[in-house]
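In order, the protein sequences belong to chains B and V. In this text, residue positions in the first sequence follow this note's numbering: the first is 271, and each later residue adds one. In this text, residue positions in the second sequence follow this note's numbering: the first is 1145, and each later residue adds one.
Accuracy of the hints is not assured; some may be wrong.
[To be verified] Covered stretches of chain B, as calculated for chain V (at least 3 residues, CB under 8 Å): (1) 288 to 297; (2) 303 to 315.
[Unchecked claim] DSS-like cross-link-like pairs, simulated, lysine-lysine; straight-line CA separation at most 30 Å: (3) V:LYS1206 - V:LYS1189; (4) B:LYS623 - V:LYS1151; (5) V:LYS1327 - V:LYS1312; (6) B:LYS329 - V:LYS1206; (7) V:LYS1247 - V:LYS1261; (8) B:LYS623 - V:LYS1206; (9) B:LYS328 - V:LYS1312.
[Claimed, not checked] So, partial list: chain V residues that the calculated Cβ filter (under 10 Å) puts toward chain B: (10) LEU1170; (11) HIS1176; (12) ILE1253.
These aren't lab readings, by the way, just hints derived from the structure by calculation. Glycine included, each C-beta is placed from N, C-alpha and C at the ideal position.
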Amino acid sequence: MDLAFLAASAIKIFVFTFLITLPMIAYSTYAERRVSAILQDRVGPNRVGIPLTLFGGKKDWSFFGLLQPLADGLKGLLKEDFTPAYVRKSYYWMAPALTAVPAFITVCVIPFGSEITIFGETIKLVIADIGVGPLFIFAVASLSVYGITIAGWASNSKYPFFGGVRSCAQMISYEIALGLSIVPVLMVFGQLNLSDIVNEQARNGWLIFPAWGDGLNLGRWLLVIPLAISFFIFTVSIFAETNRMPFDLPECETELVGGYHTEYSSMKFALFFMGEYAAMIVGSALIVTVFFGGWSLGFGLDAKFLMDEAGNWKAWAGLVHLGAFLTKVVAFIVFFIWVRWTVPRFRYDQLMKLGWVVFFELALVNIFLTAGIMWWISR
Amino acid sequence: MAYIKIKRPELSLADKLYVPAIIKGLWLTFKHAVASVRGKSQGGKDMASSGLGITMQYPEQKWDEHLPEYYRGVPALVTDEQDRERCVSCQLCEFICPPKAIKIIPGEIPSDDEWAKVEKRPKEFEIDMTRCIYCGMCEEVCPEQAIYLRQDYAVTGLTRKEMVNDKKRLYEIGGKRIGLVNKWNELK
């Protein structure tokens, strides 16, 4: 444990959480509002900018409303933080943090890029390069259900309680499908280190689009069938895990007023919101990392432009990869938003049936299908 | 009563899978998004759209040319063809006004005036726009067709006093109306 490693880790934590993830959360709320507006023939928030006329300027700068998240954050901080008299105070205060914290912790195993070389030190663009990446994410992310359930329980009123119970049942149902659906992926890669998984994909083709490197053979393309099923189940389960439409039954404003956060106000409410969006970003990042080659440019471009003759990454390759990764994640977030404003909410029994009867079995069968194909290839 | 048994439609496999319906929905919203960004949303033109969706962005764009004839905006007094005040200060509008926004002080028309036979006209006529609810009852009740709800809708002021339209201002907004009743003038 030398000093350079510690310093690099501290800088990585600062940059990845405070300069990348937090602004992304802020701007996904903005994107949510603008994209939903565009999908529904509306305009959305396009006014908040720099009020130059207040300081004697001629015209206000609105920047398409890009400063809206700042205004929202300020509003959250300045509003009255109201605690109803009948709530369980300690749990009530704990719950928002319990929802937001796990989502931020999971950021640490996401590989944001390959590696950069500064002062002769090669730094991997991942905070914690551990060998249990996806398992760590599942383990920590599933803790966020405690936040929601405790919030519902501590609020001590009917609708939040319903929201909390629903969330609990939903998360448990879809966690199983989520965990099982990723097993075929791990079988194909044979390891759990997310950085190495992405490296493998950069060289030999993305998991569900192996069009270069060693990926160009019949057996590998046959494996795309179970992996595509895996991808489908995984994506839908992520939707359910992050409580997004069409599975946002814990919130369900038409039935449950506001669900588990009905009794919350100001920044506590905003923390739930941040937790939800952070979970969405980590979910997108995980999908991108596992199925769409993470930070790799793909199509063999990585090996061609970003590697030297010896097969090592060039000093600045990490920055290009960081850009590629963020682009893919943003595309996925837009997809999440697009789905939210298209698909209506599932009924609760439909949701449970889908989780336990369809996805659970499908994921289980999928594992055997993958195993069968892999056995056939290796024969 | 006839008893009719309705059979629920059998769902096909495609219906049960949800997926085709979801893809159809995604395609629909995508088409809307493309039209919205290109400023070609359906109905956008009729709504004086700002070019993004069908929404009109108010202070920059206004709907004025689309306002219908019967639009109920600010109530105002009108004069007839010969610039005579139509109002005879009968005070019916003052009595009918639900929020009590109208205040009239009647005044006599001096006997040497051209319109002395009308006998009365308002000395003061005030409509408090902070009270007015744009119900149009004053227009409906007026026997002389002297008060009308006009098309102005942007009523602003920095003080309560500014929000009270006095007689001069009311005639300014109302202007002249031609070809209605000709009870008192020479055109009848």
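These are the hints, each one checked on the structure:
1. Figure legend: the segment 288 to 297 of chain B, annotated as covered by chain V; annotation inconsistent (0 residues with Cβ-Cβ distances under 8 Å, at least 3 required).
2. Note: the segment 303 to 315 of chain B has 8 residues with beta-carbon separation from chain V under 8 Å; the three-residue rule is met and the coverage holds.
3. Simply put, LYS1206 (chain V) and LYS1189 (chain V) have alpha-carbon atoms about 13 Å apart, close enough for the 30 Å limit, and the pair holds.
4. The straight-line distance between the Cα atoms of LYS623 (chain B) and LYS1151 (chain V) is roughly 24 Å, inside the 30 Å bound, and the hint therefore holds.
5. Under the criterion of a C-alpha separation no larger than 30 Å, the hint pairing LYS1327 (chain V) with LYS1312 (chain V) is consistent with the structure, at around 23 Å.
6. Pair hint LYS329 (chain B) plus LYS1206 (chain V) holds up; C-alpha atoms about 20 Å apart against a cutoff of 30 Å.
7. Among the hinted pairs, LYS1247 (chain V) with LYS1261 (chain V) is consistent with the structure: their alpha-carbon atoms are about 24 Å apart, no more than 30 Å.
8. Distance restraint check for LYS623 (chain B) and LYS1206 (chain V): the Cα-Cα separation of roughly 51 Å exceeds the 30 Å cut-off, and the hinted pair is therefore not satisfied.
9. Between LYS328 (chain B) and LYS1312 (chain V) the CA atoms are separated by roughly 35 Å; this puts the pair beyond 30 Å, and the hint is violated.
10. At its closest, the beta carbon of LEU1170 (chain V) sits 5 Å from a beta carbon of chain B; the interface hint therefore holds under the 10 Å criterion.
11. The beta carbon of HIS1176 (chain V) comes within 6 Å of a beta carbon in chain B, closer than 10 Å, and the hint placing it at the interface holds.
12. This hint is violated: ILE1253 (chain V) has a C-beta 50 Å from the nearest C-beta of chain B, more than the 10 Å allowed.
In this structure, the hints that do not hold are numbers 1, 8, 9 and 12, in rising order.
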